[in-house]
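Protein chains: 2
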Amino acid sequence: MKPYVMVVEDEEALATLLDYNLEKEGFRVERAADGEEGLLKVEEETPDLILLDWMLPKVSGVEVCRQLRTRPETRRTPILMLTARGEETDKVRGLDTGADDYVVKPFAMSELTARIRALLRRTRPELVDERLEYADIVLDRGSRRVTRSGRNVHLGPTEFRLLDFFMQRPGRVFSRERLMDAVWGPNTYVELRTVDVHVGRLRKALKVGGAEDPIRTVRSAGYSLDQQA
Amino acid sequence: MKPYVMVVEDEEALATLLDYNLEKEGFRVERAADGEEGLLKVEEETPDLILLDWMLPKVSGVEVCRQLRTRPETRRTPILMLTARGEETDKVRGLDTGADDYVVKPFAMSELTARIRALLRRTRPELVDERLEYADIVLDRGSRRVTRSGRNVHLGPTEFRLLDFFMQRPGRVFSRERLMDAVWGPNTYVELRTVDVHVGRLRKALKVGGAEDPIRTVRSAGYSLDQQA
DNA sequence: CGTGACTGTCACATAACTGTCATGCGGCAG
DNA sequence: CTGCCGCATGACAGTTATGTGACAGTCACG
Chain A
1 MKPYVMVVED
11 EEALATLLDY
21 NLEKEGFRVE
31 RAADGEEGLL
41 KVEEETPDLI
51 LLDWMLPKVS
61 GVEVCRQLRT
71 RPETRRTPIL
81 MLTARGEETD
91 KVRGLDTGAD
101 DYVVKPFAMS
111 ELTARIRALL
121 RRTRPELVDE
131 RLEYADIVLD
141 RGSRRVTRSG
151 RNVHLGPTEF
161 RLLDFFMQRP
171 GRVFSRERLM
181 DAVWGPNTYV
191 ELRTVDVHVG
201 RLRKALKVGG
211 AEDPIRTVRS
221 AGYSLDQQA
Chain B
1 MKPYVMVVED
11 EEALATLLDY
21 NLEKEGFRVE
31 RAADGEEGLL
41 KVEEETPDLI
51 LLDWMLPKVS
61 GVEVCRQLRT
71 RPETRRTPIL
81 MLTARGEETD
91 KVRGLDTGAD
101 DYVVKPFAMS
111 ELTARIRALL
121 RRTRPELVDE
131 RLEYADIVLD
141 RGSRRVTRSG
151 RNVHLGPTEF
161 RLLDFFMQRP
171 GRVFSRERLM
181 DAVWGPNTYV
191 ELRTVDVHVG
201 RLRKALKVGG
211 AEDPIRTVRS
221 AGYSLDQQA
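In order, the protein sequence lines correspond to chains A and B. Mind the numbering: the first sequence is residues 1 to 229 in the numbering used here, read in order. Mind the numbering: the second sequence is residues 1 to 229 in the numbering used here, read in order.
With a straight-line Cα cutoff of 27 Å, these simulated DSS-like cross-link-like pairs (lysine-lysine) come out:
{"#": "1", "chain 1": "A", "residue 1": "K2", "chain 2": "A", "residue 2": "K207"}
{"#": "2", "chain 1": "B", "residue 1": "K105", "chain 2": "B", "residue 2": "K58"}
{"#": "3", "chain 1": "B", "residue 1": "K24", "chain 2": "A", "residue 2": "K2"}
{"#": "4", "chain 1": "A", "residue 1": "K24", "chain 2": "B", "residue 2": "K105"}
{"#": "5", "chain 1": "B", "residue 1": "K24", "chain 2": "B", "residue 2": "K2"}
{"#": "6", "chain 1": "A", "residue 1": "K58", "chain 2": "A", "residue 2": "K105"}
{"#": "7", "chain 1": "A", "residue 1": "K41", "chain 2": "A", "residue 2": "K2"}
{"#": "8", "chain 1": "B", "residue 1": "K24", "chain 2": "A", "residue 2": "K24"}
{"#": "9", "chain 1": "A", "residue 1": "K24", "chain 2": "B", "residue 2": "K2"}
{"#": "10", "chain 1": "B", "residue 1": "K41", "chain 2": "B", "residue 2": "K24"}
{"#": "11", "chain 1": "B", "residue 1": "K41", "chain 2": "B", "residue 2": "K2"}
{"#": "12", "chain 1": "B", "residue 1": "K105", "chain 2": "B", "residue 2": "K41"}
{"#": "13", "chain 1": "A", "residue 1": "K105", "chain 2": "B", "residue 2": "K105"}
{"#": "14", "chain 1": "A", "residue 1": "K24", "chain 2": "A", "residue 2": "K105"}
{"#": "15", "chain 1": "B", "residue 1": "K204", "chain 2": "B", "residue 2": "K2"}
Listed next, the stretches of chain A that the computed footprint assigns to chain B, with coverage defined by at least 3 CB atoms under 8 Å from CB atoms of chain B:
{"#": "16", "segment": "17-28"}
{"#": "17", "segment": "168-177"}
{"#": "18", "segment": "209-220"}
What the hints contain is simulated information worked out from the structure, not anything from laboratory work. Please read all numbers here as calculations on a predicted model, not as lab measurements. Glycine residues also receive a C-beta, built at the ideal position from the N, C-alpha and C atoms.
Take the sequences, apply the hints, and build the full model.
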């Protein structure tokens, strides 16, 4: 369900940074420290997208790229190259290496994720935009529509954003503050308890038929989209 | 329980920003406005990590760093340097100062917290990791769930914190005073015996099926998460 | 301008969790 | 052997967090 991104990067600090930020953006991340490891890990499970450093120990990024393109499973997998300033040759710019896009280090994380999304949208649009699913709940961003076990669910704008946020990381518990930030925006001042009210409204709206309440209250911590139990 | 971060930064605005953001990310933050104050405050309670500005009044960041490295309590405490562009000399880059990492101002808050987490993971993984395991008990901080041999265990907030603390150092015996500090906070005044009661509640909750009691009572000393001897 | 939809707050009801105590048990020192 | 002392435990009443219905203000749109 989450887009699966493989990060092939030998610089530990950068890899960690990427890992952390991409996870936060709702991607599932796997790391490889050099080209060899990268090629191996890609075999295990085909990623939805590969982030590839240009310079790598053992097998260079270019070579990894070439090999990936020869394998049927990864022939069409989007590859995003990371290059340092100065390595930005014509070859890179022309994407002659077989990569689909590249970014020059240092880069803003927001730029990177934007490019990742753009690539994914091209190949696997359902991963980035359109649709989030959890259990029998489907949220369609494009049409701004939510259904539960097929039946249409009407949500106000706030409840929609709330559910959207929950569905990006099901199971995770969010504090009221965090939800406030995510749904209302970082600089909004409203009563924290307002979150409760909207969670309540979301619950009521999602209660189609005799369906179970998909939102778990975690006392003194917050809420999560989750099985009860 | 929360990682304790000391911020040594003379620029008020930046210090406030750091304080605010780190608190939001789940760190406990203490501030010092110059090197001298920093060295003093670190003596009171050893932080889990120190954020240190390169340029500081009274005692420079480099000097603070050097002195911290000579003290046994802080010899291994991770230090993250904050430098302005232009101060990014080879000395900084090589981390010859004794710091463990550095970031160049201005920086994205997400980058900073990622680096902080990376450093903490190296030294005190139990502080940052999402998931703690001991025998058949699994505690997941992100989803705030505890399971024992796969079965879900419901804990109240206090029992959750208590178990979390125990699981950071399994096998170790903690006095009631220590548990009080860790779980209730350093400035709480409740009956010491209350610890017994909560340990009891934790035991009861953990007793799923016919499972063994994972908490050992050490007469006249305290408790530990441990195999029964 | 009227609607109707949507929001944010409040007050109150309810449920969950807390801290303390009294009681009883059992090991350990004397 | 026996009387403390420390610990376990069930009961309980106080506290705190959450659920919810009501309500008035806003806003978009016809």
